[in-house]
Amino acid sequence: MYSFISDLYPICRSITGEGVRRTFREIQKYIPLDVHEVNSGTQVFDWTVPKEWNIRKAFIRTPRGEKIADLRESNLHLVSYSVPVRRTMTLAELKPQLHTLPDHPEWIPFRTSYYKEDWGFCMSHRQFEGLEEGEYEVVIDSSLEPGVLNYGELFLPGEKEDEVLISCHVCHPSLCNDNLSGIAVATFLAQKLQSMKLKNSYRFLFIPGTIGSVTWLALNEHRVSKIKNGLVLTCLGDAGGLTYKRSRQGNAEIDRAVLAVLGDAGSNFNVLDFSPYGYDERQYCSPGFNLPVGVLMRSPHGTFPEYHTSADNLEFVKQDSLEESLGTCLSIVKVLEANGVYLNQNPKCEPQLGKRGLYRSIGGEDAGRRQMAILWTLNLSDGKHDLLDIARRSGLPLEFVLEAADLLMEAGLLKAQKKV
Amino acid sequence: MYSFISDLYPICRSITGEGVRRTFREIQKYIPLDVHEVNSGTQVFDWTVPKEWNIRKAFIRTPRGEKIADLRESNLHLVSYSVPVRRTMTLAELKPQLHTLPDHPEWIPFRTSYYKEDWGFCMSHRQFEGLEEGEYEVVIDSSLEPGVLNYGELFLPGEKEDEVLISCHVCHPSLCNDNLSGIAVATFLAQKLQSMKLKNSYRFLFIPGTIGSVTWLALNEHRVSKIKNGLVLTCLGDAGGLTYKRSRQGNAEIDRAVLAVLGDAGSNFNVLDFSPYGYDERQYCSPGFNLPVGVLMRSPHGTFPEYHTSADNLEFVKQDSLEESLGTCLSIVKVLEANGVYLNQNPKCEPQLGKRGLYRSIGGEDAGRRQMAILWTLNLSDGKHDLLDIARRSGLPLEFVLEAADLLMEAGLLKAQKKV
Amino acid sequence: MYSFISDLYPICRSITGEGVRRTFREIQKYIPLDVHEVNSGTQVFDWTVPKEWNIRKAFIRTPRGEKIADLRESNLHLVSYSVPVRRTMTLAELKPQLHTLPDHPEWIPFRTSYYKEDWGFCMSHRQFEGLEEGEYEVVIDSSLEPGVLNYGELFLPGEKEDEVLISCHVCHPSLCNDNLSGIAVATFLAQKLQSMKLKNSYRFLFIPGTIGSVTWLALNEHRVSKIKNGLVLTCLGDAGGLTYKRSRQGNAEIDRAVLAVLGDAGSNFNVLDFSPYGYDERQYCSPGFNLPVGVLMRSPHGTFPEYHTSADNLEFVKQDSLEESLGTCLSIVKVLEANGVYLNQNPKCEPQLGKRGLYRSIGGEDAGRRQMAILWTLNLSDGKHDLLDIARRSGLPLEFVLEAADLLMEAGLLKAQKKV
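Residue numbers (this note's numbering), protein chains in the order written: chain A, 49 to 468; chain B, 49 to 468; chain C, 49 to 468.
So that you can see chain A by itself, here it is in the shape it has in the complex (with noise of 0.2 Å):
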């Protein structure tokens, strides 16, 4: 994943142009991602898909002649969206259009102007204090114009038509945390459920921010309905822990799900309610879908200083931290695959256990508590409660509590409940 991080980083993305398609075909070196386009000037609920950018080269020239905020040296250092702009310019007609980060001298800030008609750069407050008075040359070899939207698609289908959604924006230039990251677990994850016969359905989604889900959400709002549980990814390579922000449900099989997950690892973890800001799960989330969708990321946006800013680089994300976030989605996706609400078909009074080999014959380690898993497996399976539920009202590891209802399916004393 880090390599495949490492091949992103340089190119130049926004919401839409020929970065957003570099890199899909970058992506589809793993999985086979169907490409849409969506026509600007679409109307998408309450947004418009805006016009297609693109960029040839963007600089500075300062008064001594020398090329300064290059893109070529960053993709950060130009405004995204910035309109094509060619003119000369004083040190003081100049500064307003310039930005930087005084708390960090050093680095230079992410600023977009994607809904209002502007430009302008980004430098690094060092740089910015070093300019001198005179004339500056502004060259933005910019388009603006009518063009598309593209994002990608990837479907896996399984057994049942149920949808778990995976999303993630893909409108950040060199920004590896936020979210390079999100990327590339995503990609790696996708390619991993390939290879699995699966009982849900995965949609995975590649996204620019905020217009890619609500032109998604437009234009599939007959499928939304079969979206039983999501997860938007991001932010996954720091090397902080990990953070689940939950769905505006609050209590989903989504949330219960990742929390089993999280709580059974051992590590440390925090847990945020959700909030309307963030990532797509505001899109998700928003009254009229209230979609199961939770987010899951490592240090959530905001907390860390190098946020949005060039210091959200190849040293920023850790191979280790890319690991541990893919290995956690695949054990949310194993207990989404094995999760359900299950029937006791012997309900009244204990099935007797001993004659089925099901009774004190569980050895090695934790032998006592896989068999109250058992017990509790068949108490609780009256049709009211899911396996998390099980798990979580017993105390018990969820693996213990997954086991023992595989177990009772072998012996025929448990059986799925149909979903009505």
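Hints in this document: simulated from the structure, not taken from any laboratory. Careful, some of the hints might be misleading.
[What the hints assert, rightly or not] Straight-line distance between alpha carbons at most 20 Å, and here's what the computed SDA-like set of lysine to any residue pairs gives:
#1 A/K115 x A/G178
#2 C/K143 x C/R112
#3 B/K403 x A/Y162
#4 A/K432 x A/A300
#5 C/K276 x C/V389
#6 C/K396 x B/S273
#7 B/K164 x C/G411
#8 A/K463 x C/D94
#9 B/K382 x B/Q242
#10 A/K247 x A/G206
#11 A/K274 x A/N338
#12 C/K403 x B/L192
#13 B/K403 x A/S88
#14 A/K247 x A/A300
#15 B/K274 x C/K396
#16 A/K396 x C/K276
#17 C/K247 x C/L378
#18 A/K396 x C/F93
#19 C/K432 x B/D321
#20 A/K466 x C/G336
#21 C/K99 x A/L401
#22 C/K396 x B/V272
#23 B/K276 x B/A464
Put chains B and C on the given structure of chain A with help from the hints.
Quick look at chains B and C alone, frame taken from chain A:
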């Protein structure tokens, strides 16, 4: 308000009689109170409107010929509702009729005998201890005869039929906190509301304790269902912090509104759960009505030693406290006026706030939290949460949520939900 | 009770056979127990009533000719349900059939093999370690043949058909706490209840563990819906504090009743949530029945080292503990007899308590709290709260609420709500 309390202090009030009517005439100098009368003997649920009690003079003449416990010196000297007496008795015969406070030897207690025909005098324990043997002349020139019970009512109609009930008791004689403070705050609150354009209707009741609320409820049973919120006002002038006693429902709109106001104000305050002891909330919250009526007070009855003694006097109440109490009532009214369930008119995905000047356009202090209030209000305006719920779930001050709702209404993004 | 336990201690009980019948004859000296018999081979849900086991003698003769592990010395020496054996074997052959407790080398463990035909002996680890090489003669003169399973039942009819189930297991041989203490408390409780006029009906079951409750439930399935409350009694004689294990429902009337009794008693006690492991509550609380049956005990099984060993002997149980346990059972019965949902007959406003002698007429200690109990009971007797709820919400001792309900019933202000 302090000056108004000073005017009311000398009047000898009880649950019926001329003292109550004089009090209503004082209140009518500020607001157009309707004074109702209900005949003695009228059956009101399980109770009967008692005979009217009036008192002309009352004193005890000592063996030395000195007048003591003279009603002209303190209204508290006579047990309220004492029957007429004119007799001579020994100290030993007199003593069982005398009430004192050994723990506070300088104070005169307040005693009543409304529903059992009896008589008695209250005096300081110091005076009681100085009584010498001999013949005492007891003079109580009272009348207890068929007449009327009076109560005052002011109805301020609003746009809606939904009523907010404000109730205070008017039966206590020279006791300032309990409850001249309640009368004063209710009167000044009514005066303020008269000049406002109101959504809710407001009904102010100035009633003798217990029998007054029982009588009003019995005679107005058909109106009771219109009462959607209510407050009993009492003990609002002492130097203690504010206290709110919840309605029997416990989490009604009035409960959430008062707690939001007190919480946002930043001062210390106490919250008491409902209990069936106290003031007229006992009747409003009886199980057959179960109205959403709480109690706003400062120090609760029985928690301060001055309660029901001559020490609850003009020194015990403070203009500052009265003003804070009135201000709190006005804030509660403001919340009840603004609160409601609203519907996001663009519930599928977020609306594009930028094009409406609602995104990152809020300046000044707390710009971030006020932006969040807009997002939360949109997200939770799904017909299931009122603005108080939104403030609580978001953790934001209610005023930011009220502001957000206003801005979103203006932008056409929110509409009030019609009540079914 | 201690003397009764001493009488029962020497009897060699198992889940079937003469030992259980002798035990029932001892119980019948106190209460008119009905003894039922169910034929071996009868199908009861997923189980089959086993063959009847009887034992005449059992011992091992050492190479030196000494008798050890003689049943006449301790009923625990023989694994319960051992098949007949008469053979000679080497020490190496014998060892796998011997059970000891290395951590408690002086104690004999208790072992059974009810559902798998097998045999074995239990002995102290000290004795086991002294066994020398040579030929051992094993004598088990038992029979395992078609016969009957017995259980004892006593039904005490009350005014109502609603039943309280009291269940204890009778299958353990010389083990005092588990469960001669349960048998003794149940017997003495039944004896007390026989002389009382009861509202509820009471059903006492003295049954072999697991197979007994499975059998009773299978044969009495049509009666199960009458069981509104139940307690399993076990381990009630040790010196530890009382413990209550909640029913699977968790907050049923029995759960609230026991917790109110334990809470008001003022001693330390423990509360355990339901888990599907333990005694016959496993069957009563299986999902197909989900009866409101909890467990009253002192030290729970498995938490004291003497559990299921020869150290659970006549020294381990205390008359004081047995008496406190019985007293607690009687208090619980008293609560179940008195509890109910009552309806305030004057629900609109408070009734005038003074004219009924119920206002400030309660004297003695706790007069204030007992007055409050009257007000709370009136206020919450709205058809939705039983007296246990009222005690909990008011924070008052249950006995004050029960007293208040009595006084209010007498005054005609309260009526029991008819169950639908």
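Hints versus structure:
Restraint check: the Cα-Cα separation between A/K115 and A/G178 comes to about 14 Å, which is no more than 20 Å; the hinted pair holds. Of the pairs offered as hints, the one joining C/K143 and C/R112 holds, with about 17 Å between alpha carbons and a cut-off of 20 Å not exceeded. A C-alpha spacing of about 12 Å is found between B/K403 and A/Y162, which places the hinted pair at or below 20 Å, so the restraint holds. A distance of roughly 14 Å separates the Cα atoms of A/K432 and A/A300; the hinted pair therefore holds under the 20 Å criterion.
Annotation: proposed proximity of C/K276 to C/V389 holds, straight-line Cα distance about 14 Å (limit 20 Å). For the hint linking C/K396 to B/S273, the alpha-carbon distance of about 13 Å falls within 20 Å, and the restraint holds. The suggested pairing of B/K164 with C/G411 holds, with an alpha-carbon distance near 19 Å, which does not exceed 20 Å. Taking the CA atoms of A/K463 and C/D94, the gap is about 17 Å. The hint holds against a cut of 20 Å.
Taken as a hint, the B/K382 and B/Q242 pair is honoured in the structure, with Cα atoms around 14 Å apart against an allowance of 20 Å. The straight-line distance between the Cα atoms of A/K247 and A/G206 is roughly 5 Å, inside the 20 Å bound, and the hint therefore holds. Between A/K274 and A/N338 the alpha-carbon distance is near 13 Å, which keeps this suggested pair within the 20 Å criterion. With a CA separation close to 19 Å, the supplied pair C/K403 and B/L192 stays within the 20 Å bound.
The straight-line distance between the Cα atoms of B/K403 and A/S88 is roughly 17 Å, inside the 20 Å bound, and the hint therefore holds. Taken as a hint, the A/K247 and A/A300 pair is honoured in the structure, with Cα atoms around 19 Å apart against an allowance of 20 Å. Taking the CA atoms of B/K274 and C/K396, the gap is near 16 Å; set against the 20 Å cutoff, the hint holds. Only pairs whose Cα atoms come within 20 Å are accepted, and A/K396 paired with C/K276 is accepted, the gap being roughly 17 Å.
A distance of roughly 14 Å separates the Cα atoms of C/K247 and C/L378; the hinted pair therefore holds under the 20 Å criterion. For the suggested pair A/K396 and C/F93, the alpha carbons sit about 7 Å apart, so the restraint of at most 20 Å is met. Note on C/K432 and B/D321: the hinted pairing holds, with a Cα-Cα distance of about 19 Å set against a maximum of 20 Å. As the CA atoms of A/K466 and C/G336 are separated by approximately 19 Å, the hinted pair is consistent with the 20 Å bound.
A hinted pair counts as satisfied when its Cα atoms are at most 20 Å apart, and C/K99 with A/L401 qualifies at roughly 19 Å. As the CA atoms of C/K396 and B/V272 are separated by approximately 11 Å, the hinted pair is consistent with the 20 Å bound. Proposed proximity of B/K276 and B/A464 is supported: the alpha carbons are some 17 Å apart, at most 20 Å.
This entry satisfies every hint, going by the numbered hints stated previously.
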